[in-house]
Amino acid sequence: MSDFLLAAAGFVLLMVAVGLLRILHGPAEADRMMAAQLLGSGGTAALLLAGAARIPAMVDVALTLALLAAFATVTFVISGSGSRSDANLAGG
Amino acid sequence: MSTVLDIMTFFAVLTGAFFFLAGTVGLLRFPDTLSRLHALTKADNLGLGLVVFGLLPQAGGVSAGLKLVCIWLLVLLASATVSQLIARAARQHHARA
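Here the protein sequences come in this chain order: A and B. According to the working numbering, the first sequence is numbered sequentially starting from 14. According to the working numbering, the second sequence is numbered sequentially starting from 1479.
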């Protein structure tokens, strides 16, 4: 079972790596950010698959990655919308 | 009993991996930003959910399993929020172009 989980983790990581091609191609910045978001969720899944059954601390690593991926995208949206919509963000 | 749980893990993780495949293929092949966003949320919600479901029988105990489910819930919440934000950014970009 351990070998199977490790192979599944490798497969998910491969899928994430292929998905990162979207960062190269774009075209919009939102597309690039989506690939980074896929890295967040896929990396979380791969960490859980690779380590959760054997090393309990890996769950914390996966949790941190999931949290940081969410914050990364929020930061992208805030910085990307620029000064033009600062009033919009402040106004909710 | 352990064999039944192992089979459950096997199929859930396999299905989850398939959804990650679907998410990647969609992200690379779909024609515009919003449909690519649609593909990405499949990987986030279903793929990770099935992987977590498959790992539950392998978790050490009830609290370890609950922690896994909490990670999935966090990703669900984050993904729902973030996809709305990305869609708004993409729409603004589209309107500007």
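Errors might be hidden in some of the hints.
Unchecked claim - Which bits of chain B does chain A cover? Going by a derived footprint, with three or more residues having C-beta under 8 Å, they are: (1) 1483-1495; (2) 1516-1522; (3) 1525-1531; (4) 1552-1558.
What the hints contain is simulated information worked out from the structure, not anything from laboratory work. All C-beta atoms, glycine included, are put in the ideal place defined by N, C-alpha and C.
Consistency of the hints with the structure:
no.	hint	in the structure
1	1483-1495	holds (count 7)
2	1516-1522	holds (count 3)
3	1525-1531	holds (count 4)
4	1552-1558	holds (count 4)
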